[in-house]
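Next come the chains, spelled out residue by residue.
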Amino acid sequence: MGATPADMPIPVDWYLYLSAALFIVGAAGVLMRRNLFIILFSLELMMNAVNINLVGFSRFHENLVGQNFVLFTMAVAAAEAAVGLAIATALFRNRQTLMVDLFDRMKG
Amino acid sequence: MVDKILFVIFAVLAVAGGLGTITRKNVVHALLLLVFTFINIAAIFFLTQAYFLAVVQILVYAGAIMVLFVFVVMLLNLRTFKQEEQTHRGQRWVALVLSLLVLAEFVVVLAGISFTSARGGFTPEAIATAGGSTKVFADALFNQMLLPFEVASVVLLVAMVGAIILVKREKSAGGTTRTWEPGDQPSPEAVEEEV
Numbered sequence: 262m263g264a265t266p267a268d269m270p271i272p273v274d275w276y277l278y279l280s281a282a283l284f285i286v287g288a289a290g291v292l293m294r295r296n297l298f299i300i301l302f303s304l305e306l307m308m309n310a311v312n313i314n315l316v317g318f319s320r321f322h323e324n325l326v327g328q329n330f331v332l333f334t335m336a337v338a339a340a341e342a343a344v345g346l347a348i349a350t351a352l353f354r355n356r357q358t359l360m361v362d363l364f365d366r367m368k369g
Numbered sequence: 435m436v437d438k439i440l441f442v443i444f445a446v447l448a449v450a451g452g453l454g455t456i457t458r459k460n461v462v463h464a465l466l467l468l469v470f471t472f473i474n475i476a477a478i479f480f481l482t483q484a485y486f487l488a489v490v491q492i493l494v495y496a497g498a499i500m501v502l503f504v505f506v507v508m509l510l511n512l513r514t515f516k517q518e519e520q521t522h523r524g525q526r527w528v529a530l531v532l533s534l535l536v537l538a539e540f541v542v543v544l545a546g547i548s549f550t551s552a553r554g555g556f557t558p559e560a561i562a563t564a565g566g567s568t569k570v571f572a573d574a575l576f577n578q579m580l581l582p583f584e585v586a587s588v589v590l591l592v593a594m595v596g597a598i599i600l601v602k603r604e605k606s607a608g609g610t611t612r613t614w615e616p617g618d619q620p621s622p623e624a625v626e627e628e629v
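Those protein sequence lines, which keep their order, are chains V and G. Residues are numbered in this note's numbering as their position in the first sequence, beginning at 1, plus a constant of 261. Residues are numbered in this note's numbering as their position in the second sequence, beginning at 1, plus a constant of 434.
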C-alpha cells in the first residue's frame, strides 16, 4: 500500500491522533465543567480538532476542498460564538450566574 | 525529520493548552490558554503548508473570536465565578471515565486502519507552479465552493441579527425605568441598579 505520499513529511495518522486527543479534551470539558464560558471554550476546542483533521487529509489526498471547508467551519464557529455569548449575556442578566446546573427552571 | 519533531512539539503544547483550558478555575486564564492552543494549531497548519489557513487561524480565531470572548468575560461580573457550584458531583467522574474510554476507542481504531492517498494532484510542486497556495486555495473556493461560500455569509448575517435580538433589552420586561438620562453623568449606584 502506498499509504502516504512520498513528499508528505508527517504521516496522516499523527494528525488523527492529535485531533482525537484535542476533541476528547474538548468533550471532557463540556461534560465536566459547569461554567457556561468554559463549555463554550471547549466547543471551540472540538471544532479546532476537526479542522486539524480536514487540513491533514487535504494535504494527504492532495485536494484543496478540505482546506476550503475549514474556512466554513471557522465561519460557523464565529456565528456560534456570537450567538452563544449573546445567550450567556441574556442569561447572566436574568439569573446573575453562569453555572449551568442552576438553569433548571424548565425542569429538564 | 525536523518537521516531525516540530509537529510533536506543537501537538504536545496544543493538548497541554487544551487541558489547561478545561481545568482552570479562572475564566480569563482558561481563555488565554485557549488562545495559546489556537496559536499552536496555526503552527501545525504552517507545517502542513496550509499557509493561508494558518494566517486566518491566528487573525480570526486567536484574534477576533477570542477578543469577542474576552470582551464578554470582562463585561460580565467575574466575582460570581469564583466558586464552581456543582450539584451533580458524580457526573464529573462518569464523564472523565467515558471520555477516556472514547479516547481509547479512537486510538484502537486508528491503530488498525491504513489510508491510501487519493492523489488529487495538488502536490506542493503543483501548487508552487500554479501560483502559490493562496491563489490555488482561492481558485478552489470561488469555483467549486461558491454556493457554500454565499450560504456562509447568510449564516453570519443570521447570527449577527440573532445576537442583537437576544441581547436587546425588552422595554416592558424589566419594568424598571431609568433614573438618569443618557445625556448626563449617572451615579454609579443608578448604573449598578439598572445593570
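Some clues are possibly wrong.
Listed next, the in silico DSS-like pairs over lysine-lysine satisfying Cα-Cα at most 30 Å (straight line) [unchecked claim]:
id	chain 1	residue 1	chain 2	residue 2
1	G	602	V	368
2	G	438	G	569
3	V	368	G	459
No lab work stands behind these hints: they were computed from the structure.
These are the hints, each one checked on the structure:
{"no.": "1", "hint": "G:602 to V:368", "in the structure": "holds (26 Å)"}
{"no.": "2", "hint": "G:438 to G:569", "in the structure": "holds (27 Å)"}
{"no.": "3", "hint": "V:368 to G:459", "in the structure": "holds (27 Å)"}
Hint compliance for this structure: every hint is met.
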